[in-house]
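Q: Here is how the chains run, residue by residue.
Number of protein chains: 2
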Amino acid sequence: MRPPIAFSRLGYAYVLASCVLLLTGGCATVQTDPLSAWNDGKVKQEIVSFVAKVTTQGSPDYVPVPERIATFDNDGTLWAEQPMYFQLIFALDRVKALAPQHPEWKDKEPFASLLKGDVKGALAGGEKAIVEILRTTHTGMTNAEFEAIVREWVATTKHPRFGELYTSMVYQPMLELVAYLRANGFKTYIVSAGGIEFMRPWTERVYGIPPEQVIGSSIKTKFELRDGKPVLMRLPELNFIDEGAGKPVGINEHIGRRPIFAFGNSDGDLQMLQWTAAGAGVRLMGLVHHTDAVREWAYDRRSSVGKLDKALDEAQAKGWTVVDMKQDWKVIFPFEKK
Amino acid sequence: MRPPIAFSRLGYAYVLASCVLLLTGGCATVQTDPLSAWNDGKVKQEIVSFVAKVTTQGSPDYVPVPERIATFDNDGTLWAEQPMYFQLIFALDRVKALAPQHPEWKDKEPFASLLKGDVKGALAGGEKAIVEILRTTHTGMTNAEFEAIVREWVATTKHPRFGELYTSMVYQPMLELVAYLRANGFKTYIVSAGGIEFMRPWTERVYGIPPEQVIGSSIKTKFELRDGKPVLMRLPELNFIDEGAGKPVGINEHIGRRPIFAFGNSDGDLQMLQWTAAGAGVRLMGLVHHTDAVREWAYDRRSSVGKLDKALDEAQAKGWTVVDMKQDWKVIFPFEKK
Chain B
8 MRPPIAFSRL GYAYVLASCV LLLTGGCATV QTDPLSAWND GKVKQEIVSF
58 VAKVTTQGSP DYVPVPERIA TFDNDGTLWA EQPMYFQLIF ALDRVKALAP
108 QHPEWKDKEP FASLLKGDVK GALAGGEKAI VEILRTTHTG MTNAEFEAIV
158 REWVATTKHP RFGELYTSMV YQPMLELVAY LRANGFKTYI VSAGGIEFMR
208 PWTERVYGIP PEQVIGSSIK TKFELRDGKP VLMRLPELNF IDEGAGKPVG
258 INEHIGRRPI FAFGNSDGDL QMLQWTAAGA GVRLMGLVHH TDAVREWAYD
308 RRSSVGKLDK ALDEAQAKGW TVVDMKQDWK VIFPFEKK
Chain S
8 MRPPIAFSRL GYAYVLASCV LLLTGGCATV QTDPLSAWND GKVKQEIVSF
58 VAKVTTQGSP DYVPVPERIA TFDNDGTLWA EQPMYFQLIF ALDRVKALAP
108 QHPEWKDKEP FASLLKGDVK GALAGGEKAI VEILRTTHTG MTNAEFEAIV
158 REWVATTKHP RFGELYTSMV YQPMLELVAY LRANGFKTYI VSAGGIEFMR
208 PWTERVYGIP PEQVIGSSIK TKFELRDGKP VLMRLPELNF IDEGAGKPVG
258 INEHIGRRPI FAFGNSDGDL QMLQWTAAGA GVRLMGLVHH TDAVREWAYD
308 RRSSVGKLDK ALDEAQAKGW TVVDMKQDWK VIFPFEKK
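Going line by line, the protein sequences match chains B and S. Take 8 as the starting number for the first sequence in the numbering used here and just add one per residue. Take 8 as the starting number for the second sequence in the numbering used here and just add one per residue.
The hints are simulated quantities; they were obtained by calculation from the structure and are not laboratory data. Using N, Cα and C, we set each Cβ at its ideal position, and we do this for glycine too. It cannot be assumed that every hint is accurate.
[As the list claims (entries may be wrong)] One side only, chain B facing chain S, incomplete, derived with CB under 8 Å:
no. : residue
1   : Lys113
2   : Gly147
3   : Asn150
4   : Leu182
5   : Thr228
6   : Leu239
7   : Leu242
8   : Pro243
9   : Asn259
When you get a sec, could you build the whole thing from the sequences and use the hints?
A: As structure tokens, then:
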């Protein structure tokens, strides 16, 4: 269904109107800036101009509502990813929680190092160590059991630098951008290398993005009857890696339409941006460039987390939208406004 | 967003109202039966009563709009599946179309039999023969190329018995049911063993179900740059079989919520119905039983297509809704109304 009001003109007139109000005969309108955490400038202008073009009926660039698909990377794009990907922190926390049931871990890597507090030593085992940690902490239970564990963790665990819940470590300007697109008839999706079941328990509450619009990496699951009751068991086997060239594949599998708007922050998002750019008509491809070492972190080409190198070159060559976090964002995190 | 009007009371009052009408100040209401192709009786009553319960605010059975998920099998549930699954007919047509480029097929099964018009002989090779036919006809091209082939086929090819396009071989009562659920705030999904990319080019036009709400079997695809232009190549490798115990897995992967309403017609839908039934609160599990040899086809426990045996037993034991096509459907196909 079309939203009742198309928010389409340039400028920041934002009409707060709901169908309910219309039904009861009134229509409250409030002029306010839906992107108030963005500083005025080129990037904000590009976003507003793009939305105006695709939502203006009769414009040559008009895009019908069902085709207004926007995809967002999660780590480093919607929420922070330092000092390491939050799902990895979750996994390390789970190792500690499970350790009493696994006395053998005292002599087994990567667990032995981890339990001594030596994260670096544990991760020195590379991909093999990480897979072993994920297998132990993310599989061998039902999906419902895993969801409960994630819900508990995000409700209680705080970020070491900021002392806030991880779900508060989201970017205020991006929350506004996602809501702004939705108010303009877009369907907003997450397309993340993170685990699909790690994100779904909280993305609707935090971003307004429902579980059916979350695309992520996944392990295989198996339908079983346990005492006659159906469950989905989480198997120790990878199903899909939603990263790099996997992102267009995941987008096609889940959405079956090409986005007209996509935002990422690292080389793992490059193919999603290329796939978005390759469609007909106007489109917006964006990157969050982490340039603010004071309010957040500054990193790009040489970072082991969220490395941004090739995608930055391609963005500059092709005139994609590049957010300079330090310059473009008035506020980084919602809790700064407290 | 909530639909502007909740269609919630018992009976068939159906308000044809759109937001546009509301915005322009008028509101046309027409009393009509949204399920007019259904005969009055137990099954229709079960459906209407279920929808009334979950949409009535303040009812103990009320379900918020985002959780109103309905899933439908396709072959034999939304469209016909005789004399064989339509996608198999499509594949056989493609073999004939491709034969001039493959002189070697004259001596190679299953192609040799097929090209002589001996479908039964070709399919005598069992699963191996079918996989070979699908590999040849469904892979080795881009997704966009495959989509164009499907669009052409559904626009031109007619069913041997009825002389109608395959996309006209859909069940009028089920079209009404899908629309009725949507008008009541449900998100309607297809969950089919058929190929996801075989369905997506036409499900929105025919059922009002957009590509992102189609779940089906799939082959692996690969993102590639071809002369600098991104494409998704269709690989000769299975990705997922959305049948039987695969259906709850597919539902979880794509939707991440449990349906409260599900409809199928064969044993391949049993686990989807069990998964739906296992949630809390009221739910409706339904089966289309093909009982009308005159207007459609009559088949169940012994059929090689759409076999309905265990699921029928379980439906009867558990009091699920079973549609007797001959008794319950006033009209089968939309073209009967011509």
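Q: Against each hint, give a clear statement of whether it holds in the structure.
A: So, going through the hints one by one against the coordinates:
1. Lys113: It is violated, given that the least Cβ distance between lysine 113(B) and chain S is near 36 Å, above 8 Å.
2. Gly147: At about 17 Å, which exceeds the 8 Å cut-off, the nearest Cβ of chain S leaves the hint on glycine 147(B) violated.
3. Asn150: Holds - the Cβ of asparagine 150(B) comes within 8 Å of chain S, reaching about 6 Å at its closest.
4. Leu182: Since the shortest Cβ distance to chain S is 19 Å, the answer is violated.
5. Thr228: 5 Å, holds
6. Leu239: Hint holds; leucine 239(B) Cβ to chain S Cβ min 6 Å, cut 8 Å.
7. Leu242: 10 Å, violated
8. Pro243: 16 Å, violated
9. Asn259: 6 Å, holds
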